[in-house]
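The residues making up each chain are set out below.
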Amino acid sequence: MVVLIEGRGVTKSFGGLRAVKGVDFHLGEGEVVGLIGPNGAGKTTLFNLVSGVFHPDSGTLSFGSRDITLLKPFEICRLGIARTFQIVRPFLKMSCFENALVGIIGRNDKNGGKEKRRDEARALLKFVGLGDREQTPAKDLTLIEKKRLEMARALATRPRVLLLDEVLAGLNPSEILQALELIEVIRTKLKITIFWIEHVMGAIMKASDRIIVLDQGEKIKEGKSEEIVSDPRVIEAYLGESDA
Amino acid sequence: MANAKKFWVPIVFIVLAIFPPFFLSQYWLHVMIISLFYVMMASSWNLIAGFTGQVSFAHAAFSGIGAYVSGMLAVYLGFSPWLGVLIGMGAAALLGLGLGYLCIRMGGIYLSLTTLGFSEILRIIITNEDRWTRGTMGLQVPGFFTEYSKVSYYYLFLIVAILVLAVIYRIIHSEMGLTFRAVLNDELAASSSGINTIRVRILAFTISGAIAGLAGGLYGHYLMLITPDIPSLGQMFLVLAMAVIGGMGSFVGPIVGSFVLEILSEYIRIYGEVHVLLFGLVALAVARFAPEGLMGIIGKRWRREWSY
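So the protein lines, in turn, are chains G and V.
In case it helps, the numbering used here puts the first sequence at residues 5 to 248.
In case it helps, the numbering used here puts the second sequence at residues -5 to 302.
Next comes chain G alone, as it looks inside the complex:
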């Protein structure tokens, strides 16, 4: 298996709070890796470090053979790592079509004409199920539609790795199934490596090849779902210490 993203001793503090402490992790090509942990464990911070929103205080991050530790978000995106946000951030005052187009423009590949890019934006909206919403301003969408739009925008950048930050949060059971279906298609048809944070345990346990557990900024466990659910440290992190 080819390692795509690798983090070594990644550490980040905010003031006195060490949000991420010496985390080692890797993502193999084609893998679906889940990132779980209680609130405040540092999951989103780790995503922000990988996507260049923050830079680590120490430790290194690499993508393929490139060191991406200190790159800016747009540079990391252009290399092939796209993301969605925990609290959705589509461009609210722009149409769905324009939202998708921004991701395509963001690739900054000069070949292909303007019309080709516009067609691609339309095709992407269709792919995520927003084909009939092209001209709708993003602010008028429902939550699941906004999440779909964010995925379209992320996919528009032609990523090799997709970071999904709680895509299932706030969705009802039938919407969760729809979203999982979409993720499955992204993984199998587009062959994109997925690194995702999720609190819907049933879903993430079932759909991930491997799970990484963070607690208070540290990696406490890594492995297949079955190993994770029975690990006493993981249970303790989520439920607290048992008295017995």
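Honestly, the hints are just simulated from the structure, not real lab data.
Take these hints with a grain of salt, some might be off.
Pairs of lysine-lysine, BS3-like flavour, derived with a Cα cap of 25 Å [unchecked claim]:
| # | chain 1 | residue 1 | chain 2 | residue 2 |
| --- | --- | --- | --- | --- |
| 1 | V | Lys0 | G | Lys118 |
| 2 | V | Lys0 | G | Lys120 |
| 3 | V | Lys144 | G | Lys97 |
Which residues of chain G face chain V? A partial, calculated answer using Cβ under 7 Å [stated by the list, open to error]:
| # | residue |
| --- | --- |
| 4 | Pro77 |
| 5 | Lys97 |
| 6 | Phe101 |
| 7 | Val106 |
| 8 | Arg157 |
| 9 | Lys193 |
Yeah, the Cβ is synthetic: ideal placement off N, Cα and C, and Gly gets one too.
Using the hints, position chain V against chain G.
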């Protein structure tokens, strides 16, 4: 249909704009020329503030740079105003580039204060400098035409304003314009989607600075007397009010706002000091009842076709 309309409406306005010199008095022709100056100022300010969200207060300063560079080149080195205006425009663009670079890590109120500080520093230097800028006395500069005629100036301003508006229209409807709006909507999301937000912000500063410099240069050679009033905050707030009252973030808004406010100010000037108060009341009423400006009031369908 919509496309045909988009094509014809500006043509109709341009044709109509040919006629005013045939029936307007010298006084109203002057008002029209000044309005066209403000159209260039408000539209280019809208490009940076309404489209990338950088509320810069240095716009009047950029126009001042254009006016003084061009004026001083003409007075001290004998440059033709035609060439001087272009050099002034380049100087303003360069300054926009520098100021944009200085402000890349700032947003909101911090950017506004930095640009405001820059603007005031420039005005104070020009005011206190005596040898080259002649301070508050003003610098007398030559005009564009050997024979002074308001009609010639009207057409000159009209042609340049149309060119400037065409450039701005092209920008906001291009992919570059889309990246501008992405930065306005959500800078982090834009950056995470591969948009080089720093480049976008500096580019907006440079382009809008260049246009303000061009407008300022023209203005100076029209008045033939350049004073520190051009880069003053009073001028800045007037431009800001025009864009906001007309409708920020729309193409037509600042154009309408410029004409409405300039003409209005001619009518309320007779009330002396009260005219500032009236301006404030208009701005207040617009902010309260039409936060999207005059363009926001006009039908939604129409707006969708025109503004962006």
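Hints versus structure:
For the hint linking Lys0 of chain V to Lys118 of chain G, the alpha-carbon distance of about 20 Å falls within 25 Å, and the restraint holds. Of the pairs offered as hints, the one joining Lys0 of chain V and Lys120 of chain G holds, with about 24 Å between alpha carbons and a cut-off of 25 Å not exceeded. A distance of roughly 43 Å separates the Cα atoms of Lys144 of chain V and Lys97 of chain G; the hinted pair therefore is violated under the 25 Å criterion. The beta carbon of Pro77 of chain G is positioned within 7 Å of a beta carbon in chain V (closest approach about 4 Å), and the interface hint is therefore held.
The beta carbon of Lys97 of chain G is positioned within 7 Å of a beta carbon in chain V (closest approach about 6 Å), and the interface hint is therefore held. Taken as an interface hint, Phe101 of chain G does not check out: its beta carbon lies about 10 Å from the nearest beta carbon of chain V, beyond 7 Å. For Val106 of chain G, the interface hint holds, the least distance from its beta-carbon to any beta-carbon of chain V being 5 Å, beneath 7 Å. This hint holds: Arg157 of chain G has a C-beta 6 Å from the nearest C-beta of chain V, less than the 7 Å allowed.
For Lys193 of chain G, the shortest C-beta to C-beta distance to chain V is roughly 22 Å, which exceeds 7 Å, and the interface hint is violated.
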